[in-house]
Amino acid sequence: MKSIHTKLRHLNLLCIFKFIVLITLAVIAIYPLIYTFLAAFKTLEEFQTLPPYYLPQSLYWNNFIEVVTKSNLPLYFGNSLIITLAVDLGVVILATMASFAIEKLDFRYNQHILIYFLLGLMIPIQCCLLPLYLMFSGIHLTNTYSGVIIPQIAFGLPLSIFLCTKFYKFLPNEIIEASVIDGCTARQLFFKIVVPMSQNIILTLTLLRTVFCWNDFIFPYTFTNSKRLQTVTLGIQDFIGAYGYTDWGKTFATVSLTIIPTLLLYFFLGKYMVAGMSEGSIKG
Amino acid sequence: MNSLFRKKSTIFTFLGPALLLYSLVVFVPIIWSVYHSFYRWSGLGTKEYIGVKNFIQLFTADRNFWPVFSQTFIYTGLQITFQVGGGLALAILLVNIQKGRSILQAIFYIPVIISSVAICQIFGKLLSVSPVGIVNELLGFINSDFRQIQWLTTPKLSLLMCAMVEGYKTMGIYMVIFYSALISVPHELVEAAIIDGTTSFQCLIHIKIPYIQHIILANTVLVLNNSFRSFDIPFLLTSGGPGTTSELLASFMYKKSFSSMQYGYGSSIATVIVLICFSLAVLYMKVFTSEENSW
Numbered sequence: 001m002k003s004i005h006t007k008l009r010h011l012n013l014l015c016i017f018k019f020i021v022l023i024t025l026a027v028i029a030i031y032p033l034i035y036t037f038l039a040a041f042k043t044l045e046e047f048q049t050l051p052p053y054y055l056p057q058s059l060y061w062n063n064f065i066e067v068v069t070k071s072n073l074p075l076y077f078g079n080s081l082i083i084t085l086a087v088d089l090g091v092v093i094l095a096t097m098a099s100f101a102i103e104k105l106d107f108r109y110n111q112h113i114l115i116y117f118l119l120g121l122m123i124p125i126q127c128c129l130l131p132l133y134l135m136f137s138g139i140h141l142t143n144t145y146s147g148v149i150i151p152q153i154a155f156g157l158p159l160s161i162f163l164c165t166k167f168y169k170f171l172p173n174e175i176i177e178a179s180v181i182d183g184c185t186a187r188q189l190f191f192k193i194v195v196p197m198s199q200n201i202i203l204t205l206t207l208l209r210t211v212f213c214w215n216d217f218i219f220p221y222t223f224t225n226s227k228r229l230q231t232v233t234l235g236i237q238d239f240i241g242a243y244g245y246t247d248w249g250k251t252f253a254t255v256s257l258t259i260i261p262t263l264l265l266y267f268f269l270g271k272y273m274v275a276g277m278s279e280g281s282i283k284g
Numbered sequence: 001m002n003s004l005f006r007k008k009s010t011i012f013t014f015l016g017p018a019l020l021l022y023s024l025v026v027f028v029p030i031i032w033s034v035y036h037s038f039y040r041w042s043g044l045g046t047k048e049y050i051g052v053k054n055f056i057q058l059f060t061a062d063r064n065f066w067p068v069f070s071q072t073f074i075y076t077g078l079q080i081t082f083q084v085g086g087g088l089a090l091a092i093l094l095v096n097i098q099k100g101r102s103i104l105q106a107i108f109y110i111p112v113i114i115s116s117v118a119i120c121q122i123f124g125k126l127l128s129v130s131p132v133g134i135v136n137e138l139l140g141f142i143n144s145d146f147r148q149i150q151w152l153t154t155p156k157l158s159l160l161m162c163a164m165v166e167g168y169k170t171m172g173i174y175m176v177i178f179y180s181a182l183i184s185v186p187h188e189l190v191e192a193a194i195i196d197g198t199t200s201f202q203c204l205i206h207i208k209i210p211y212i213q214h215i216i217l218a219n220t221v222l223v224l225n226n227s228f229r230s231f232d233i234p235f236l237l238t239s240g241g242p243g244t245t246s247e248l249l250a251s252f253m254y255k256k257s258f259s260s261m262q263y264g265y266g267s268s269i270a271t272v273i274v275l276i277c278f279s280l281a282v283l284y285m286k287v288f289t290s291e292e293n294s295w
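One line per chain: the protein sequences are A and B, in this order. To convert, note that position 212 of the first sequence is 212 in our numbering; the numbers rise steadily by one, no gaps. To convert, note that position 276 of the second sequence is 276 in our numbering; the numbers rise steadily by one, no gaps.
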């Protein structure tokens, strides 16, 4: 009797220990984010005089107000939004169509084409930047929206096609065959039958691409050099002045504003996002 | 099936646009890079064919290449520790608690969706020395000397810090993967083992881990591949510094190509990275197909 009792207590202690470890780790994981949101309310003086773990002395909204009204941030938000939407649209259309062809159409090289696309998951993006830059400046695509959008669509295809072909594998062939017998053309079949059935995968693809594209910095950084075309990720660095002087309050206000959209998407639609990311488990 | 599905024009309409765009933007540049790695070219003027001289210079004369190469290896090793090791440890801890699994999982996943630029800004501040950042401030309670640790500007520390920040950002993905793998271990196996009197730790080591070892292996190769082309965090957090002590192959190549205008030379570094990544891709496919066979 006694041994069971001690065993239970032992188990309980172990459980509490695991729980404490996890809570500690969770606090470490979330702290940088909390710090960011708190620091956005701090005045310059607080950054200089008070220890960093102090809470902001008051809700000092000025950082946000100045960032929104006096900096380029609204412009960057617009740019990011345009680029993200265009990339989403391009990736979803091209990826669903190509995946449909690979999975459901009948030709000899289906699997080879799939492998060719999947190789793209393993290719270092940076190795393509220089040739792309030269190519784009040759056809005057640098410093345009298209110059940032087109490569992101292309680099988004491998992961999207990977996820989408997996989804189409489970799309019943009977439905497709039945609609062909009813006299559908391939285009009708795709847009009227297949696309309405692919809502889930389209949502996943869109969410993933939105997060990757919103967070991306290498394409706008390399292919644009005018402020007019910059995106929110590059805007974060606007308040870092010369000689290492940084306006931390405004920087953190900007960081907070730029991560709020992805955080909102994550909180409301996280299930679809996590499913896609962990199945791909590959960098954007 | 139906002739409709074999018509060349149908196949071409559906597959053509994606295939064309992908080939032009992703594959042509790779071939371009390999081709130009045999030339001396500064972008302007004529290209001069110099055979493998770029590679010879890279491997024998460039003082920075081998340090950068070995740093990339160290970085990769650290990534495997943080992402695969850390992710697996988190997943195991999560599986072992009864309450709060989903909320904790959600918290650990948040860094994944934050941009590297934002993460680097935040960590730059948390790890700063003047004014003293929170990390040094807290360490200062233990020993006041710790307040002066220059995390990002001390040669050996900066690489470790980059690796930790990258680990922090991506660990969540692997935690989710290993978590769903661990809960997919059949109940009968675990129950049978418990009836036979194994402790939960023994059960983990001898049943659960072996059961998911292919998933662990496949993801290790993925992390290997991802780490060999890591770029963002060192580029943004320390810009490879101090000196080149936290430089990785990808950022080294980027700087050679874009800042020093050595297009041919930069391409030869790109070719080295592509070769490493492709051999890892082949390895991954081997692991992946053997995984499918074993199920």
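Some hints here could point you the wrong way.
[Claimed, not checked] Partner residues are not named here, just some residues of chain A that face chain B (Cβ under 7 Å, in silico):
no., residue
1, Leu50
2, Pro52
3, Tyr54
4, Leu55
5, Ala98
6, Asn110
7, Leu114
8, Pro124
9, Gln126
10, Ala154
11, Leu157
12, Ile175
13, Pro196
14, Met197
15, Val274
16, Met277
[Stated by the list, open to error] If we take Cβ atoms under 8 Å as the criterion, some of the chain A residues that face chain B in the derived model are:
no., residue
17, Phe37
18, Leu38
19, Cys128
20, Pro151
21, Gly183
22, Trp248
23, Pro261
24, Thr262
No wet-lab data here; the hints were simulated from the structure. Quick reminder that beta carbons are idealized off the backbone N, C-alpha and C, glycines included.
Hints, verified against the model:
1. Leu50: violated, 9 Å
2. Pro52: holds, 4 Å
3. Tyr54: violated, 10 Å
4. Leu55: violated, 13 Å
5. Ala98: Constraint on Ala98 of chain A satisfied, holds at 4 Å.
6. Asn110: Violated. Min distance 10 Å.
7. Leu114: It is violated, given that the least Cβ distance between Leu114 of chain A and chain B is near 11 Å, above 7 Å.
8. Pro124: holds, 4 Å
9. Gln126: Holds, about 5 Å.
10. Ala154: Given a least distance of 3 Å, the restraint on Ala154 of chain A holds.
11. Leu157: Given a least distance of 5 Å, the restraint on Leu157 of chain A holds.
12. Ile175: This hint is violated: Ile175 of chain A lies away from chain B, its Cβ roughly 13 Å from the closest one there, beyond 7 Å.
13. Pro196: violated, 17 Å
14. Met197: violated, 16 Å
15. Val274: holds, 6 Å
16. Met277: holds, 6 Å
17. Phe37: Status violated, d = 11 Å.
18. Leu38: For Leu38 of chain A, the interface hint is violated, since the closest Cβ of chain B sits about 11 Å away, which is over 8 Å.
19. Cys128: holds, 4 Å
20. Pro151: holds, 5 Å
21. Gly183: Violated. Min distance 10 Å.
22. Trp248: holds, 7 Å
23. Pro261: violated, 10 Å
24. Thr262: holds, 5 Å
Checked against the numbered hints given earlier, this structure breaks hints 1, 3, 4, 6, 7, 12, 13, 14, 17, 18, 21, 23; the rest are met.
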